[in-house]
Amino acid sequence: MMRTLLAELRKIITLRSTYIILGIMVALVLLFAGFIDGYRATAASLASPDMLSGEVTSAVSVTSVLLALVGLLLFAHEYRYNLIMYTLTSTRSRSQVLLAKILAVTLFVVPMVLFVSALSPLAAYAGAHLRGLHMVHQTFNYWDLLWRNVFFAWAYAMFALVFIALIRNQIGAIIVFFIVPGTVEGILSLLLKGNAKYLPFTSLASVLKVGAPGSMSPGHSALVASAYLVVLWIFTWIMFLRRDAN
Amino acid sequence: MITAKHLAKRFKNKLAVDDLTFTVETGKVTGFLGPNGAGKSTTMRLMLGLDAGRGTTTFDGKPLNSYAKPAHMVGILLEAKAFHPTRSARNHLRILATAGGVPQARVDEVLRIVGLHDVAKAKPGKFSLGMSQRLGIAAAILGKPKFLMLDEPANGLDPEGIAWLRQFLKDYADQGNAVFVSSHLLSEMALMADNVVVIGKGKLIAETSISDLVNGSGRSSVFVRVTHPDRFGASLTKAKISFDRVDGGFKISGQTTDTIGRLAFADQLTILELANHKASLEDAFFELTAGTTEFSGDGGAKS
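The listed protein sequences derive, respectively, from chains A and B. Under this note's numbering, residues 1 to 246 are what the first sequence spells out, in order. Under this note's numbering, residues 1 to 303 are what the second sequence spells out, in order.
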């Protein structure tokens, strides 16, 4: 199992696309947190004691999509470049391969979320400081911020992994990955109205948005999103064991 | 020894592999032959557990997934371009080495063996088909496996590369390993393989040694030219030996030069020409797979 996990991690760090995506992620954090929200901060935002913790949440909500994309590509390349035949014949069971991919993506996503969580408030603070702006004393509910941000990014990546494991086509999975959270759930929200909060990505979004009208608490939202993930992963696991590796 | 038993695979309405049973012996190169669409690649994938189907395949008596380090048992090359185009050749092999529990030092060793050491840091997306095949072979031998399963490894290799591959696989088998290799290059297979497994439309057609296959072919014949052909023709008929009259002589199938020579001697005829026309592997292959070819052209170059 450890060999398979190390191989998966090696796959992530030896890909050019990983570094391109991480570069885009850092650039976006510096642009939005550092320049727009920091350097060009409004008086109202500077007066809020939650300004910097809000920066963290905003940054994580955007960068989670990019981090999930790294996980999606890790799995997608197996099928696109037929590496899956090596992966499956190097290990004793397909379950090990699937578990190793989940763990590898987790081990990649969690430190990156922590990095973004540290970088975004620093960038906003530095941006404001450069322009000589002063913000009020900031408050952080560290543990609350930590679990919500980490869970959101991790769950987002897990949904992405489910898509590619089931679709087994890079382009198809990326399209679904971008269409489902916004377009599909948007249309379903119109039909479900108040119950739309129970949709997978809507509930996941509520983990980050505290106090939005009609939404569940972050804890309940996380439970709903987790329930979807458990069911989807059981289905994905069964399919991964049974299907041809191509 | 690799033992495949009752392998079967169906794609919707088409039976791609139909109850295949055969063995691949250690110490030998076994060729896997069949027309396009015969089910060779599917069979190899079934043997490795990559495709879901019926039947069992054991490697030295045990299924592949019962070995703690499968990469040390079986090395595979099923597709030449099975690598990420922007990940360097060395990193590609390092990943496979990590997954297979193979020491990282072996990576440079295999790159040297296949002649890719100078391009170890290059992106394989720019490799020629021949270089890609070499990288695939490097991946296959990474774990020094006892069994090699290679699907069309000679595709794209230059003549020097083909000669190198032939010698490499023969040497690999001579070290007590089993090599199972499919190829469309029948002349190459004749030089390389000891045994062959021939399939057509997913069914086993023959499982034998190359020499038995070629010698047993109806296309093997003896050509003889004598001083009095009519007298000799009568003698052949009397001996119930069928023949064809060609080029002023006789083409006789299913007989040896010894038999024909003695018959001419008994008739006190002078033999002007006596030659053994041995069928090639290609002849034997066409004979065996006649009627099982799924995709074939009309034979004309004009359109």
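In short, the hints are calculated from the structure, not lab data. Please read all numbers here as calculations on a predicted model, not as lab measurements. For every residue, glycine included, the Cβ atom is placed at its ideal position computed from N, Cα and C. Treat the hints with caution; some may be incorrect.
As the list claims (entries may be wrong) - Ranges between beta-carbon positions, derived for each pair:
| id | chain 1 | residue 1 | chain 2 | residue 2 | range |
| --- | --- | --- | --- | --- | --- |
| 1 | A | 242 | B | 85 | 28 to 34 Å |
| 2 | A | 95 | B | 12 | 36 to 42 Å |
| 3 | A | 26 | B | 66 | 45 to 51 Å |
| 4 | B | 287 | A | 16 | 17 to 23 Å |
| 5 | B | 112 | A | 241 | 35 to 41 Å |
| 6 | B | 277 | A | 17 | 36 to 42 Å |
| 7 | B | 176 | A | 244 | 29 to 35 Å |
| 8 | B | 277 | A | 172 | 55 to 61 Å |
| 9 | A | 13 | B | 155 | 29 to 35 Å |
| 10 | A | 16 | B | 176 | 24 to 30 Å |
Outcome of the hint check:
| no. | hint | result |
| --- | --- | --- |
| 1 | A:242 <-> B:85: 28 to 34 Å | 30 Å, holds |
| 2 | A:95 <-> B:12: 36 to 42 Å | 28 Å, violated |
| 3 | A:26 <-> B:66: 45 to 51 Å | 46 Å, holds |
| 4 | B:287 <-> A:16: 17 to 23 Å | 52 Å, violated |
| 5 | B:112 <-> A:241: 35 to 41 Å | 38 Å, holds |
| 6 | B:277 <-> A:17: 36 to 42 Å | 59 Å, violated |
| 7 | B:176 <-> A:244: 29 to 35 Å | 33 Å, holds |
| 8 | B:277 <-> A:172: 55 to 61 Å | 56 Å, holds |
| 9 | A:13 <-> B:155: 29 to 35 Å | 32 Å, holds |
| 10 | A:16 <-> B:176: 24 to 30 Å | 41 Å, violated |
Hint compliance for this structure: hints 2, 4, 6 and 10 are broken, all remaining hints hold.
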